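Undergrad: Next come the chains, spelled out residue by residue.
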Amino acid sequence: MRLLTHNMLASNVRGATTGYPLTLEATKWCTKEVELNADFIRGLLPKIDWRALVDATRALGLPELLPEEQPPEEEIFAEGAADVEGSAIRRIHHALLEVHVQEGSLVCPDTSRCFPINKGIPNMMLHEDEV
Amino acid sequence: MPRPEFQAPPDVFYNESEARKYTTSSRIIEIQSRISERALELLALPNDGVPKMLLDIGCGSGLSGETLTEHGHHWIGYDISKSMLDVALERETEGDLLLADMGQGLGLRPGVIDGAISISAVQWLCNADKSSHDPRLRLKAFFGSLYRCLARGARAVLQFYADNVKQSEMIVTAAMRAGFAGGVVVDWPHSSKAKKSYLVLTCGPPSVNTSLPKGKGENGEMCSDDDDNESSDEDGDRTVGIYERNRPKKRQKTKKNGKGKDWLLKKKEQMRRRGHDVPADTKYTGRKRKSYF
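Sequence lines, in order, name chains W and R.
Per full-length UniProt numbering, the first sequence starts with residue 1, numbered consecutively.
Per full-length UniProt numbering, the second sequence starts with residue 1, numbered consecutively.
It is worth saying that the hints were derived from the structure and are not from the lab.
Do not take every clue at face value.
To be verified - Heads up, incomplete: computed chain W residues facing chain R, CB under 7 Å, no partners named:
hint: 1; residue: 1
hint: 2; residue: 5
hint: 3; residue: 10
hint: 4; residue: 37
hint: 5; residue: 38
hint: 6; residue: 39
hint: 7; residue: 40
hint: 8; residue: 41
hint: 9; residue: 47
hint: 10; residue: 121
hint: 11; residue: 123
hint: 12; residue: 124
hint: 13; residue: 125
hint: 14; residue: 128
Unchecked claim - Every beta carbon over 12 Å from chain R, so not counted as near; a handful from chain W, in silico:
hint: 15; residue: 14
hint: 16; residue: 72
hint: 17; residue: 94
Claimed, not checked - A short list of chain W residues far from chain R (calculated; beta carbon distances all over 12 Å):
hint: 18; residue: 52
hint: 19; residue: 61
hint: 20; residue: 64
hint: 21; residue: 80
hint: 22; residue: 82
hint: 23; residue: 90
hint: 24; residue: 127
Since the structure is predicted, the reported quantities are computational estimates derived from the model, not experimental observations.
Even for Gly, the Cβ is constructed at its ideal location relative to N, Cα and C.
One chain only, chain W, in its complex shape (with noise of 0.2 Å):
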């Protein structure tokens, strides 16, 4: 599972108010190179809970991989960035689509229900009672 799913998924279980941000545990992580794509990532960068995907990457020890604050638009995507290094655009690509959770689990804020995550796949299947 990628961080960007991560940053999408919400739990549903009953009871729950908004089942956002999932707290994420993982014991397995692996990265997995993708082409960047600036547009994609302009696209998507308005509809992703930044605070939610900072907290993920503390969560899989990567405290310096996303500053506290959002950089601004003209940062990001400033001409020439994603052929730098280190740059900010590099850095959120990084994060949403290379980093992939093996092993873990998902936590939901509001209920404590844990949802496990076997192989990559996280299992977010409820109980007949939790519908």
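Knowing the structure of chain W, use the given hints to seat chain R on it.
TA: Chain R only, in chain W's frame:
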């Protein structure tokens, strides 16, 4: 062969052997990818080369997702069968996979998804596989959560096989109640096997771009040979069309004892679980006629 929906619940039916069969059959792969191509076409994404964030509901082993990847989009796949997802992992699909039941809602933040496709999955919601399942509530939960997670103006294209008119009505009504605009597009309506129904939904109020696209082969043209592969079996026995009245009558099978009370009660229970109106069981149910009747 009856449709898989009538055999077992999806998480049971698509076990390891069935999942493997599904993904190694070149015929199924071809049909699946052709349907997903068509679904993507109906999705009518803007042609600007920017990748989109899509959903594949009932992604199974990721056959339909592969089409999305080929067009450069990112996707999240939902499926209820663990074995199917394991095969998807083996095939190293690009999208993220989630083990979830669509009848329980998708569980996504509002307005983040640019479009959704679903290949042969929605009809599973019409079945009540557990005593706690109510098809209407499950359809409502599914379409409600789909409506919420889609961005305004985004589309969803859901290909489905309805068993009868009532079922397809139930699905469409549930979608409209959730707030979607749109309707059903039928490709090859005159062919029994190549016929495919797509529920094309647009998020938000009706406008110019919510008008329905035309189905293929609506004006009576038959699908070309190229498109007809799926209706002819591998051994090549193509059927020749016969006028209905010239067709030889099938001889009716006559069983001596009829089907019996147990069979009848079982059938009634089944229909009840699917949400049909069924008369109550009484002492008159399935009783024998008097011999002089």
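Undergrad: Now, for every hint given, state plainly whether the structure supports it.
TA: Going through the hints against the structure:
| no. | hint | verdict |
| --- | --- | --- |
| 1 | 1 | 5 Å, holds |
| 2 | 5 | 4 Å, holds |
| 3 | 10 | 5 Å, holds |
| 4 | 37 | 6 Å, holds |
| 5 | 38 | 10 Å, violated |
| 6 | 39 | 4 Å, holds |
| 7 | 40 | 4 Å, holds |
| 8 | 41 | 10 Å, violated |
| 9 | 47 | 5 Å, holds |
| 10 | 121 | 5 Å, holds |
| 11 | 123 | 5 Å, holds |
| 12 | 124 | 4 Å, holds |
| 13 | 125 | 6 Å, holds |
| 14 | 128 | 5 Å, holds |
| 15 | 14 | 10 Å, violated |
| 16 | 72 | 21 Å, holds |
| 17 | 94 | 15 Å, holds |
| 18 | 52 | 9 Å, violated |
| 19 | 61 | 21 Å, holds |
| 20 | 64 | 25 Å, holds |
| 21 | 80 | 19 Å, holds |
| 22 | 82 | 15 Å, holds |
| 23 | 90 | 17 Å, holds |
| 24 | 127 | 10 Å, violated |
The structure fails hints 5, 8, 15, 18 and 24 (numbered hints given earlier, in ascending order).
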